[in-house]
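S.K.: Each chain is listed here by its residues.
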Amino acid sequence: MDSFPQLTDFQDLDFNNSSQGLFVIRKELDSAKSEQVYGDRFQFMGFLVADKEVLIDIAVVNEIIMMPPITYVPNAHNYIEGVINLRGNIIPVINLRKVMDEKPGEITHACRIIITKFRNELVGMIVDAITYVFSVSPDDIEQHTISLKSTSSEILTNICKIKDRLLGVIEIEKLVLKIKPEIDVVPGTEHAA
Amino acid sequence: MAMDVLQSAALNSLVKEVLPKLQEHLAVLAMMTSEEREINAETSYFLKEALQLLGMLSQWSSSSIEKASAGEAKDLSTNQDDMDEIGDEEAKAMLALMDEPAASDHLPEKEGEKEMSDAEARAMLGLMDEPISAEKMPQLESESMSDAEAKAMLSLMDAPAEKPDVSSAAANKVEEINDDEARRLLALMDSPSENLPPPTSEDKTPAKIKAEIKVEIKGEVEVEGEVEVEDVPEWIENEFSNDQDMIRDFITNTDDLMETLDRTILALENDPSDKETIEEIFRAAHTLKGAAGMFGYSAIEAVMHKMENLFDLIRKGKMHASSEIVDVVFQGLDTLRILLTAVKSQTKSGHDIKPIVRALINVAEGRKANLGEKGAESKTNSQAKVSGESDDAALNKIMSALSGGSAKAPGSAKAEGSAKVEAVPVKAAEIAKPGASKPKKQESQKDNTIRVDLERLDMLVSLVGELVTDRTRFSVVEEDLRSHFSQLSLTADMTETVQLFSRHMNEVQDIIMKIRMVPIGNEFNKFPRVVRDLSRQLSKKIELKIIGEDTELDKTLVEQIGDPLIHLIRNACDHGVETPEDRLASGKSEGGVITLAARQEGNNIVITIQDDGKGMDPQKLKQKAIEKGVISASQNLTDGEIFNLIFEAGFSTAEKITNVSGRGVGMDVVRKQISKLKGTIAVDSTLGKGSIITISLPLTLAIVQSLLIKCRDEIYAIPLSSVVESIRISPKDIQRVGDMPVVKRMGKVLPLVDLSATLDLSRKKNDFWYDHVPRGKEGNRRRKDRQADRVRERLFVVVVGAGEKRFGIIVDSLMNQQEMVIKPMGSLLKELPCVAGGAVLGTGQVVLVLDVGDLESYVRNLQRTVAA
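First to last, the protein sequences are chains A and B. Just so we're aligned: 32 in this note's numbering is position 32 of the first sequence, and the numbers increase by one with no gaps anywhere. Just so we're aligned: 579 in this note's numbering is position 579 of the second sequence, and the numbers increase by one with no gaps anywhere.
Keep in mind that the hints were calculated from the coordinates and are not lab data. A portion of the hints provided could be inaccurate.
One side of the interface only, derived from the structure: several residues of chain A facing chain B at Cβ under 7 Å [said to hold, decoys possible]:
hint, residue
1, Ala59
2, Met66
3, Ile70
4, Tyr72
5, Pro74
6, Leu86
7, Pro104
8, Ile107
9, Thr108
10, Asn120
11, Pro138
Fair warning: this is a prediction, and the values are worked out from it, not measured in the lab. Quick reminder that beta carbons are idealized off the backbone N, C-alpha and C, glycines included.
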């Protein structure tokens, strides 16, 4: 991983420059397929929401797509930006900027939608850019104890130490349950409480 | 199920050549004294041959065994007389051999996997003899055994269940003594001879006998273990029960058969003398029983068997199909349904079939059904005469005894089989023989139809749905091409191709939709039974008239309309039709009539349920509604509106709650179910004359014709099935009643819904951050916006609803009609107000489909606030 450019200041990064941006990451993603190389290390994909870098377990990432047109869904939860057409299937996409209490941003060429799988259903997340795939040893992962901004702290469960930085890992399950808490309720038990 | 040539040849040579020879040799050996005895090469050859063939037998599919073994066993039993005494015994043993693999399906399964060792062959032989009581064995052999051995054996006999594992050790012991196979086999052949003095007992090696006996015990333990778990085990695993395709066939077939039974039994009750009906019932029952037996569903088979006996008695005129008998039969069918549902879900239901079996036996013997637990206990026990056995085993025996005794149908060849007190499945094997019923059944199904798995069909339908989307996409591309490169000949080609493609696509779609259509009669046929039961229960006289059962409807719709319809029919029986006395008093005929009718109206199916009962009193209803807080006293409602209050939650007018209806949840559940099917429901009534409930459903759910509309630049789709018309009104025509905008139209007040206000579309500006507008089309869009503004001087209103309930949706502009496939949007976006789902347009754009029912309740709430 040392051979990849170390990003410290994302503001300066030119996402349209292929040598710096996606191609680097694709390569890394490809190499991540052979897990035996990494042994028992966990792999996370980093992405940007506004200028904050967040990680996601690559095991829950189905695919990453370019920004398609999004259809607005009235009266949906505030976090849900709308629905998109993914090869004939309609799936909801979540606006992570809203989740993380960030300000609205423009659609740039680096914007992507990470398609994740939640209980056999696909859910998309709008992110401002994809950074890297990190391989992290279990020692560098800690249960999340630090209280960040209120909303984000609920959905970031673990903290990973990568080089000298600490990055939060987003938990898709927590995020979905935050939007729709009743999904978690096992049918028939809802009146028990 | 055709028998493998190899296997049939093997069986043939085994039965016709090897075994008789072997028998001869063994007989000779048996005659000799122990000193003379010596095994010659020929004997051991035949022995080997027999073992080999047995090995092949063990690898058989159970079906061929069932068929062949039953047949061969029959042959054998007819030949039996010709044989000498020992031969007789052997024949018996062989008969047992033939029966046994079919009876205990676990046997071939277990042994088919390995190559058959001698020990296994012996085990199999031991199993064959199992029906003959093992207790006799020690007496037979004890003379020749050392005392110690005999003791050991006796102790084994006493505690067979505890020590099944000893047998393996014993079997090993036997392996060591290889030279004496003939004698061992001889011992096996002889062991069943309960009545005869043991001719060859002197010189049997005790160890071998022991081993054999143990093997026998082992076999018995296995069988009993299975029986003990459930009475008649609900099903026994066999090769067929693992074959999903076969099971699916079985399920579809049984569904049909059950329907036939339901229908024909009702017909029988009305006309008990109709020979054809009873024949049809008998055939259906027989086929069902055979099929269930083949799959090892012994519980179904057991119940079915009792019913078949009953039908047989009726068929032969020995019994009259009275209402009571029909009641019991219907209860039997209900039990079967429970069992069949269990089969469908592949989990055992654990349903106790004993009461119904008892009731069926009782009825068959001309006594009261007595469905209670005690029932036939005394009689059955005396018949069983098997002391110290568990209930279930006793029941098995009773059933098999009865099958031999009370029902003479299965034929004389089986008398011996059932007298032997075997487990139930044996009969399955016998009956599974291609009886008279199967060919007949095929004859009656001569019309050119094939059965298709619904899953495959659904896949096809959804693919066609995708193609429909593709077709619209093609049209878009073609249009683009035409407007930009109209001079190219390629464009002309494209246009032509697309047109052709569209036409073909339309045809494909038509056909595919027709494939999914089934006559609604399939569902309607359930209702005569419901009405019959209810009228008996309520002591009313009710006749159900069915009209238009040929009307075709999408398969899934037909399935899902059943429950609401049953509810409505129950309601009509309970609340609608009066008691005979009341009817006579009000000058009507004694019997009430409920008419269930279906017809097609354009793209909708209209189902009506009409009764000629007492009707509903609008004043009383209104009173109730006010009491229950459904409406407020000041509200001024028309009679039609009052009647439709019965669909509100928590509304029930029944004075007392019967178990038929009156819990006040029914009607609103019915409405929910109907609106889930994108249908509407309305009721009308005339006091003293009866009520009529009208349900309107779209023809199909898979592909929906929709009207695309625009509202604040967002495109929405309204299912065309709920669109009545679209009109243009001037804003100044809109009047306000309280907060609710209305417009007068054709003398009626039409409530209006402003879609952008209802959906809160003004929030979009703040909520929607990633509005993706391709830069090139920006200008284009602006122009259209201006157009929309101009058009706003005259508003577009889409009038939706059905029957009395109509309202208008104010939209910005109308686009076009399109066929689309409504898709779910995932659990995150479930239960969104006013949105039924999403659909993908030809351009790849996702549009939301509006839920007209939801909008309607929105309007109703608005009306209520207006009235309050």
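S.K.: Now tell me, hint by hint, if it's right for this structure.
M.R.: Hint by hint, here is what the structure shows:
no. : hint   : in the structure
1   : Ala59  : violated (20 Å)
2   : Met66  : violated (11 Å)
3   : Ile70  : holds (5 Å)
4   : Tyr72  : holds (5 Å)
5   : Pro74  : holds (4 Å)
6   : Leu86  : violated (10 Å)
7   : Pro104 : holds (5 Å)
8   : Ile107 : holds (6 Å)
9   : Thr108 : violated (11 Å)
10  : Asn120 : violated (10 Å)
11  : Pro138 : violated (31 Å)
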